[in-house]
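Going down the list, the sequences are from chains A and B.
Residues 1 to 151 in our numbering are what the first sequence spells out, letter by letter.
Residues 1 to 537 in our numbering are what the second sequence spells out, letter by letter.
Treat the hints as calculated values from the structure; they're not laboratory data.
This one's a predicted model, so the numbers in the text were calculated from it and none came from an experiment.
Some chain B residues close to chain A (C-beta under 8 Å, calculated; not the full set):
#	residue
1	L114
2	P160
3	P163
4	A365
5	R384
If you anchor each label on the Cβ, the simulated ranges turn out as follows:
#	chain 1	residue 1	chain 2	residue 2	range
6	B	P224	A	T144	37 to 47 Å
7	B	R198	A	Q131	31 to 41 Å
8	B	E126	A	A112	34 to 44 Å
9	B	G28	A	P81	53 to 63 Å
Idealized CB from N, CA, C, for every residue including glycine.
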Amino acid sequence: MSGDPLSDFGRPERAAFAAVADHLIPAAHDMPSAGEVINDTRLRFVLRSRPDLVEPLRAALRPELGEDPAQRITRLQADEPDRLAALQLAVVGGYYTDAHVRELIGYPGQEARPVDAGRYPEYLAEGLTDQVAARGPIWRDPATGRRVETS
Amino acid sequence: MATEPADVLIIGAGATGGVVARRLSEAGYRVVCLEQGDWHDKEEYRGNKLDWELTMRKQWSTSPNVRGLPEDYPIDETDAEISPLMFSGVGGSMLIFAGAWPRMLPSDFRVRSLDGVADDWPLTYEELRPFYERTDREFGVSAMAGDPAYPAGGEDPPLPPLPIGPGGLKVARAHARLGWHWWPEPNSILSVPYDGRRPCVQRGTCQQGCNEGAKASTDLTHWPKAIAAGARLITGARVRRLETNDAGLVTGATWLDRDGNEHFEPARVTVLAANAIGSARLLLLSDSAAHPDGLANASGLVGKRLMMHPFANVGGLFEENLESWQGQFGCSIESFEFYETDERRGFVRGAKWGLAPTFGPINAALPSRAGTQVWGPEHHLHVRSHLGHGANWGLFGEDLPDPANRVTLSKTMTDSSGIPVPEIHYRVSDNSRRLLDFHIQRASESLLEAGAHAVEVDSLMRYSGWHLLGTARMGDDPQTSVLNRWNRAHDVPNLYVVDGSSFVTSGGVNPTSTIVALALRAADHMIETRFDQEVPA
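Chain B extracted, bound-state conformation (with noise of 0.2 Å):
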């Protein structure tokens, strides 16, 4: 058991974590994170092996339920229209995300006002550009310059866009004659050797883990720094609660090892980075007399508003092999075409458009996502058709903030700790559906324009809650918000949550780099306000 309370407690190696842990053990803070998965090596990743469609299914799924592992805690989804995704871990979720690495854009922080629905942000894009400069830098962000879908000025990307392949190519060709926008993709992953790790060889299994360390995850961005720096990272440490003092503040975490013994680990400054579901989660675990509905929610907003960002995949088929199996999952071309309100479309805001690969031989010959399958002599032809002659547009759209969709503890299930489980409560808007209807016409006449023959559509992906997002939001009336515009807890005042949680509205892109873009600016601000940071005496 600890005796000296750490300077910050984080709760979480993920993305966030690791840039919080970063910034402030470089800064001389005493940091201690608990983190309730592990450390992962290139090695055990599955991509360049052959049971890689295999094991995607289930030990590497994206999906914590799939998975099962002990690390994992389910998540009662059964009424839920999405799955939500996740990963436990020394790098978190980044190790099985795709890469893809868009900032949010100006008007995304100005919904309300532009549009009449959600709400704005108490902040601003150009508040969040120096960030998302730093953060591109940390993690070796490979972009291209110039894209006129966001405000010009600012940095230049640290490295060389990721080659757009044959698919990207196409599909780049038919937008200029469309007059259509599309620019190379930003990711996340090296296209040039860059802080000491390989760049990408374009195996195209991002989200099962990168074997050669290209695609960014913390656990070899973040980390490393943070512990020579002096951070100490505990893993198989599991959360059960926060506890608070009278005086309200928070003075650590009671926390299960892998054999189940109970710690105490105080700190004067705690900082949640578990996710916007398990963030979520631990605050309404940590209920007291003092807060009966939860920590930090007097504003009873916690767990609601959950985004998760709706997803439709649309595929074209070609007539020449593309070999979309190869190349980076985090996307090779976007486009930002229809991403803004146009109110004549019947919906608010819009989608940014990502053009993926389509794995190998085993997808393409089992039922596809949309239920089409092909048995018998004609599933050689299907599959002949299908591996490698595809380009595939995934749609994320603008995900409105609703109260009705939220997570809460269940009364009925708990985790291998005994602790309960999240609920999900999540259903699609109207708003929703009628923007990927809008969305999938468009993706399609892009794909035919490119020279598709055939045009395949999953109108809403059920295992695509990769965005996690929305259920602390922040704001500056603590009636109407749960965090401060620098993350921080109203209610709590030495109480952090840097994670998606915070989001007051989703946009409609990836939203990992505005994440840690808002955890980078959050870590400085207590940084700078390190003297008037209330402690537990």
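Bound-form chain A, shown alone (with noise of 0.2 Å):
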């Protein structure tokens, strides 16, 4: 995407965004709200990397649904609610991705883990695909229609 994703939107869109952010996650439980949360950086993030959200949030932040932001979504899941999605996922992808409140909720993102063949399992050390496996078989067998007996 070239320019600037938030040049297509106004003083009045970035309000109403920030109104249904603290509606959706207000603080509470020790963590920020979503309207402190998701600044020009953020949101510029979420539709840099989603630039079909543009024009759904914008008709989604469209100053015709009023001030009060529960208005809005109820509005928004009645008659549009694609663009209700886009605008939650707007909300909650600018807040997630902040490094601040992925510490809090103790999300370090997708870490690299290598693994390590070699350690020992501990399914094995208790036994447990080995009383899996003294059961015997329990695959149907197509000569008899009926599971495999123990041999």
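Two chains, two separate frames, one set of hints: put the complex together.
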């Protein structure tokens, strides 16, 4: 995407976004609100990652839907569910890609944790697969139509 | 334009296209492949990037209709309860598949004989076993020998199993208490370095491309070898139709490049490897005066009997943080406890269960597949209880073939090249519904026994059509099947279809290992019968 995706959003749309963000994810339980977290940098990140969201987001934030975020959501839910989904994704995407929020929820991101194939698995140490094997075959023999008998 | 016909022209560079291309080119065949997508590099994949959970919902969605990329063709799925999923590119849908690699079971090949429904396959598990073993080596499969869900004997898996993770261990212990089957899942994901590829790092993003190249896909495992052996792979090549001569043989394919220029690729033998929707579409598009209902369709079965494995998800929530966003997506453990038919349950056949990771915070925060959404102050508690605290049983049920579930050509929609798109007609059968309901109950018991304090159920996932099967079934009778037992068209002796189209029944397992084993078997057969092969003059 060329240019700044936020250039499509004026002050009323940004205010509406912040109101909806705070309504969906308010400050509570030692967590900040989404309106606090999602600054221009975060919203720009979301829209650069997902340029297809710009249009439905702008529509979901249009002033005609009023100032009350709950009412805006109710109207979108009833008549424009795809635009509401775009709005929710923009809020959630902006919030949970913030480094501080991720730290607070104990999520370090998808990490590279190399497999140690030489490590003896606990399930073997506990004999869990041995127990399964000891119960015998469970596949159905096409020749007899029955489960295979343990020999 | 090519002038010298290829010995074999392959349509599609995915799982089976790669297997057939490598086998035949290494045997000295002059192979050409037309692929509508492109090569993808590991650096493109978003799993190790901050935007992973954003882009998985659009650019890296498993649905071509959601992605809408130039190389994708749209699918009209308005008459379908499940959305088909696929990917166009070298490596095909393997780029976005999970990597689970179970084989079908012996009973899967004898459904008519054993359960009085559907049809038997014209081959057995034992006939296919050597090909399973060879493709396991080609792709690099990590698994544990000795699973009593399968007949004993044969080769051990080439690589040790992947870790089962803390969630897998909890459920394994629960199954020990219940006396239920479980086993480490076989995956085509490397547990150790193999064939020049790096092993898995448990990032849990397999379905949006593997950044390590640890998950098998033919762009890594087969195409480099095929190309080194002389195969020619043309990307950005969208096939419009197969052409035939007066003798009823395929002479090659007409295709369009990215700029819309038309080409013809002549061939002695043509192999369709474009998945059960794409191949059926091409057969139907290749109608002619001699084949008014589409190519290879004297039986009238081309496009019919589409099977997609209705899928349910049963998620357990645990008090402990299991860090369940990590781990191979191809599944940690599996269970075949309720796989075989028990008529007392009120349905035939069964389902395999696979335990999978649970994605990251955006997935935990957004409305769930089952429609649950939590906003307001409680949102934070909801995310804390879900993120990393889940273990999900994915349930694939046997999907019995039904001629009404089918692929047709749209009369109103075309792709960007003006070619009619496939239209999917698909309903979940009563047997499937009863089957899934039973398995949801049992899987819930499994997770509760494992210590879950809550279980959340998605009883039918719409975006779950990963397994595309059955639209050109194989069989011995040309009146009731499209392909013979070697994947060759009954009506067209120089045409093979090697993808999941050939499936007679679906089984209840992830099908890729069976699809590629059948493709390798078909390629071997081409080589063995090369001197008897009819080709156009």
